[in-house]
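Enquirer: Which chain is which? The protein sequence lines are P and R, in order.
To convert, note that position 75 of the first sequence is 75 in our numbering; the numbers rise steadily by one, no gaps.
To convert, note that position 391 of the second sequence is 391 in our numbering; the numbers rise steadily by one, no gaps.
Keep in mind that the hints were calculated from the coordinates and are not lab data.
Just so it is clear, CB atoms sit at the ideal spot from N, CA and C, and this is done for glycine as well.
Worth double-checking, as some hints may not be accurate.
Some chain P residues near chain R, calculated using beta-carbon distances under 7 Å [claimed, not checked]:
1) Y67
2) A80
3) L325
Once the Cα atoms are required to be at most 30 Å apart in a straight line, the calculated DSBU-like pairs of lysine-lysine come out as [said to hold, decoys possible]:
4) R:K287 to P:K327
5) P:K327 to R:K431
6) R:K266 to P:K327
7) P:K194 to R:K166
8) P:K47 to R:K454
9) P:K327 to R:K198
10) R:K109 to R:K603
11) R:K431 to R:K240
12) P:K219 to P:K239
13) R:K147 to R:K12
14) R:K266 to P:K47
15) P:K273 to P:K233
16) R:K15 to P:K336
17) P:K241 to P:K261
18) P:K273 to P:K188
19) P:K261 to P:K188
20) P:K239 to P:K181
21) P:K35 to R:K454
22) P:K336 to R:K287
23) P:K273 to P:K239
24) R:K543 to P:K336
25) R:K543 to R:K454
26) R:K240 to P:K327
27) P:K336 to R:K12
28) P:K194 to R:K287
29) R:K431 to R:K454
So, partial list: chain R residues that the calculated Cβ filter (under 8 Å) puts toward chain P [stated by the list, open to error]:
30) E121
31) G185
32) N187
33) S241
34) Y244
35) A271
36) P274
37) A298
38) Y313
39) L329
40) H473
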Amino acid sequence: MSTVLPVLKADDFTSDQDIRWCPGCGDYSILAQMKKVLPEIGVPPEKTVFISGIGCSSRFPYYVNTYGIHSIHGRAPAVATGLKLTRPDLSVWVITGDGDSLSIGGNHFIHLLRRNVDLNIVMFNNRIYGLTKGQYSPTSVEGQITKSTPMGVVDHPINPISLAVGAEATFIARSVDSNIKHLAYTLKRAAAHKGTSFVEVYQNCNVFNDGAFSYAQDKATRDDTTIELEHGKPMIFGKDKDRGLRLNGLSVEIVNLEDGKVKEDDLLFHDEKATSTLVYMLSRLRRPDFPEPIGVFRDVLTETFEEAVLGQINESIEQRGRGNLQKLFNSGETWKVGA
Amino acid sequence: MPTEASSPSTSKEIKTVSGITVRLCGDSGDGMQLLGTQLTNTSALAGNDIATFPDFPAEIRAPRGTRAGVSGFQVQFASHEVHTPGDSLDALVAMNPAALVTNLADLVKGGLLIVNEDSFEDKDLKLAKLKVNPLDEPAMENYRLVKVPMTKLTKLAVAEFGMSTKEADRSKNFFAMGLVYWLYGRNMDATLRFIHGKFGEGKSVVAQANEKALRAGWAFGETIEALGTSYQVDAATVLKSGTYRNIIGNQAMAWGLLAAAQRSGKEVFYASYPITPASDILHELCKFKNFGVCTFQAEDEIAAMCSAIGASYGGQMAVTTSSGPGIALKTEAMGLALMLELPLLVIDVQRGGPSTGLPTKTEQSDLMQVMFGRNGEAPLPVLAAQSPADCFEIVQEAWMLATQLMLPVIVLSDGFIANGSEPWLIPDVSKLTPIPIVHPTESNNPDGAFMPYKRNELLARPWAIPGTEGLMHRVGGLEKEDGSGNISYDPDNHQKMVQIRAQKVANAAKLLPPQQVIGPQSGELLVLSWGGTYGSCLTAVQKAQEQGLSVALAHIRHLNPFPSNLGEIISRYHQVLIPELNMGQLRTLIRSRYLVDAVGYNKIKGKPFTVTELLEKITEMTKTGNRVAQRTAS
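If we strip away everything but chain R, and leave its shape as in the complex, we get:
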């Protein structure tokens, strides 16, 4: 347990700033993700608004010191509201040359650059494929470079524990952490609790060494002259009052499933096959067996989807999760679930594609796949989470739709929000409203056999489950007669059933709230966005509004069906801009549905939008007043 006063106070000058963006980067084995997570939690506990962006390679341990192995974690913490992890960095911590050269471009001129100078020896430069030591380059003059012999100092700090050099070296990320904590006046308590919780209470040498390194890093900041000022970011006052915690997107998704299950009186059956970046939902959910959660790691993606169908037929809350390549494999079974008209959730945490693509990078390129990637006329509702915390909400909304309409529902997330985090106002569980589910116990056809496809006003069929006497029925992928569910090859029946299934999806709009607009209700430019780009788009639109530009944001969470008022909203603006991390998939849908000449802003780099680039595009479009001929004419 911590013995000293956990957070000593600095005697140096403190400068108050409204927000800081910092990126920590090093080898993928250096513990950068851990460092970032700790800084995030600590900042959240300080009451800052936060947004994070972990960025790591697909390889678990790429060769040490190489550019391929660089892992980074970016966090923005502020006393004002933040929706993005920040465009450019106020400070960069680089643990080796590879990390430095691959990240330096994002550091602002005059920004603080902290490096572990012990790892800038010839062999390190060679690993990073550098001929010259970048620290000797004239470009360094653009930054406030602080060279810290972290390896040596950490070794000295932990010398008393008699660890090997290799073991001692493992504590250097905590040294770096201590330095960063000093720099931003962060309280070390939570991290000390973490250290002793994770590495062992009391006498654990590793825990003690890590604490020592953390404190040594802090003391180093307090001592060296190169750092004259530390920064203070006050608590954000804009957040709604209540109790908060930090939440990661995939974690929020898992917790949302638990909430949806509780609201509907079900238990979660969760089937999946490991895939980046969705696996953390499985890791999270398998901790909750005492909630009755049944997790099933299937033999493949298809089995995961099919087992969800079996569980749904049995009357349970069935969920399967994957990313683009896995969704492609599940496709046929998704069509079956649609034909069987069974409620279940298919969650797609998108990543860079096509094929294996960029497993650890973000993209929004599965929209068309989930909209149309099935044989036959096979529409399904599609919802998209807009931020890490929104994953909690959207998945409950999806389960509500699935059960009220008796349909599989697709939820889109992406690598950016799945791994990103933000403060989350903890809900009062007692105020969660029930999701009503009825399993019939009596036949809906007193004159004959039970009618599994007899529908209610929303066109939902009854969810009769095995074990119910008198309601035995068979379902299957063959076209069936409406009402009886018997196999039918009748042409008119097929047309009718295709239309019913389409109408059922369309009926989802009746259960969902109308589209909201942020900004003027009419004007020059409407930015239409969806999914994980919400934070960047909102921030860019807000900045444009501050500059007096006529621009509003409609961020779409319900992509199929579109909100019933969307067309009308679009018609109130002269221009429509659709920024997407793909080649223009939503734009294609919007253009075809509403016959509007929407403009795209498309980025396919595996990275989220920067606010700057979006603001530039918005400015360009609003300044030129490049109006759409057809629409202004009409």
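Bound conformation, chain P alone:
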């Protein structure tokens, strides 16, 4: 007997709800790529759950025809952890933003990463609070003028990738909303990873922080301002592939490849399995001094949280047998009254 599996299409993941993001928002592109990728992952809609917090990005679950929870501000990782611990059979995605995951939900974010729950986090980073109409976020850059910082932001921003490295995330990646091929590839890689996958997506808020990532979005500049990480490949960037990154002591430096003095072999080669030191170093590369890496920073395999937790449960059942309530109640010291 053969079973013909229905082939899923993007439409199978499209809900009947009207999308309420502002026209031109980067979120549309991320939604489109997600819907394109979901059928390719091969998990049916009923086994997929999207969990979000609060913010523009967090409306996402309403727009995909899967199971979903639009939870409260910052807490999606905790909701997802509870779901995954009880339902490891499900494919779970956490959709969040920079404020949701790094400000109000910062605590849950780091604990989700260090526990390595098998789910995917997609963080829409637009460096602004959009849904509350334009206050600065924990990733807003110093000096940024926003509604709540008329004289410029004075907070030092969080670097999401560095934070993920610190929390020892097993999968760390970055992509850009408008770079749709790269985004789709990155989402697929995240889904394929067993453990917590963290994807930061540079996302344009065209209303409150337009152009924050134009350097990485614009086809004319992005080859010079970003560097695409590829496992096992030397780190080369530039429209003409004429520059590379080289390790000089404990620092990274840009070298010119044009004059042939520096060979490809002298460059830094990307290694997704490398220790966190290299990943951390890459996470520190920032404009304008360096091109900003996009792609998969890290992809290593360790035991997932639910495997460990459920493993103990199974081990306990194996060792002690399935628990028996009556035996438990009658265990220890008991006494009889009357007949």
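Take the given structure of chain P and dock chain R to it, following the hints.
Expert: This is chain R only, laid out in the frame that chain P set:
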């Protein structure tokens, strides 16, 4: 293993008494809680009815010998029914001066006072901030003081094991225990089993030393002249027949969760963040992984609550536990659970507040918080356990409500019943009735998309869980259209949904038994109580009834919604007294709901009520016949 006859019999006079209240107190590192627990179990095994009150400081090891570090354990054991650990002490065992001076006031005149006289040296007095040795005070004449050189005697008793002074000193609580066992004719078997189970079988030096100390304490009682009589408390004959065990409130809560899970064909997902006095539920449950229990120690209170929401959405029996400060943190997520209309349990083991308050002391001051402490119109069912063993029952009742109504349900306990213990009639598991749960597999709307908020006659929505084909749906904290669950900002829909959610909570009354009254069905005074004060209120009311006073007790276990017959019951009495370990939170609710001029008796000392103080209040109210004008007029 014990080698001698475990419980020798005394050759001294034995006096039979109906009940004894004894308190054991010493440094928080002295093992007083262990001593108390052993005495409790042994008394329970002797067939006595028991009630206990462990009372310890929030500090783990406050400086030795100081008043702040005093830890106590009180137990009442009796041949009659007891509902409280007792008001005043028949006997007090004090291991040091600090323990003596902080506890002496509760000892009755003529009561037995046993002290470790080795710890009443100058340095000990200084630590307790005492200028004079209290044992030399004239006030000692009020008590039967027995000075025992426990440290020296214990050291001698265990000398053969070649332990260091410090190690030998650790056995002195067992010496004290032996003495207490002699005094009350307690059988040492269970404690000997405990010693050898805990400290090692056979050749364990610690186990042998502890046994030796226990026996030396017993022999000391038998020998010294100062103790001429030992006391016997016969088995209680009032208890229902069956097999009993001693159970602690937090343990009963954990076991009740296991029972609720079994009854509903679920496994427990238990998420919590450590907090006094609720943590013992986590400690208990994490032992039961072989029952399929998944315990999750979350990164904070909010995550504990939110992970419970995730687990509930996934179709599991989700529970989170905390105390007042933690419940405050969970508040927003509780509102979300209410909006999502998902079944889960939130257990609040109350402690003294506000803020960090009195972590190890009891109070009933979270009632308003759990009733109203959420943004928006956000009612939830609230149940309150009345005794340690009742925790087992109430949590199952709560899970039944949660699943039948599709709602989070709050269960209140408190530090007093969480750590207290009482005999528990072990239920026959085969007779536990199922809690039916249905997860739909087919759409309730053949013409279109699944309707996650289409309701049954109780207004419960279907619990469709991920993995079910065709029932994909999204839930969230935004207001939703009734039926479809789609986001809706429609004014009329919002009013309708707020009313539906309120009615759903009100419908809980249909699933719960009516309020019972203990005593006359009408009369002068109704005492209305709730939660952990049950034992004190019941005992006080019973004593008042024995004195011929017209008083009845209605102890409320279901606080939201109130039992449907409560208003009618209240109307049958001239006066209503509401004793609470808070400033009058239930009283506020009762007054506003039933427009009755209820009187409060309020104590906020971190301690349970004494029967005496309640009886005084009842007597005062019934004797003066201070009737309520509005109600008698109507």
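Enquirer: Each of the hints needs a verdict: does it hold here or not?
Expert: Hints versus structure:
no.	hint	in the structure
1	Y67	holds, 4 Å
2	A80	holds, 6 Å
3	L325	holds, 5 Å
4	R:K287 to P:K327	holds, 14 Å
5	P:K327 to R:K431	holds, 15 Å
6	R:K266 to P:K327	holds, 19 Å
7	P:K194 to R:K166	violated, 53 Å
8	P:K47 to R:K454	holds, 22 Å
9	P:K327 to R:K198	holds, 21 Å
10	R:K109 to R:K603	holds, 25 Å
11	R:K431 to R:K240	holds, 17 Å
12	P:K219 to P:K239	holds, 10 Å
13	R:K147 to R:K12	holds, 19 Å
14	R:K266 to P:K47	holds, 20 Å
15	P:K273 to P:K233	holds, 13 Å
16	R:K15 to P:K336	holds, 25 Å
17	P:K241 to P:K261	holds, 15 Å
18	P:K273 to P:K188	holds, 18 Å
19	P:K261 to P:K188	violated, 38 Å
20	P:K239 to P:K181	holds, 18 Å
21	P:K35 to R:K454	holds, 28 Å
22	P:K336 to R:K287	holds, 26 Å
23	P:K273 to P:K239	holds, 27 Å
24	R:K543 to P:K336	holds, 29 Å
25	R:K543 to R:K454	violated, 52 Å
26	R:K240 to P:K327	holds, 21 Å
27	P:K336 to R:K12	holds, 29 Å
28	P:K194 to R:K287	holds, 29 Å
29	R:K431 to R:K454	violated, 34 Å
30	E121	violated, 38 Å
31	G185	violated, 16 Å
32	N187	violated, 11 Å
33	S241	holds, 2 Å
34	Y244	holds, 6 Å
35	A271	holds, 6 Å
36	P274	violated, 15 Å
37	A298	holds, 7 Å
38	Y313	holds, 6 Å
39	L329	violated, 11 Å
40	H473	holds, 7 Å
Going down the numbered hints, you'll see the structure goes against 7, 19, 25, 29, 30, 31, 32, 36 and 39, while the others check out.
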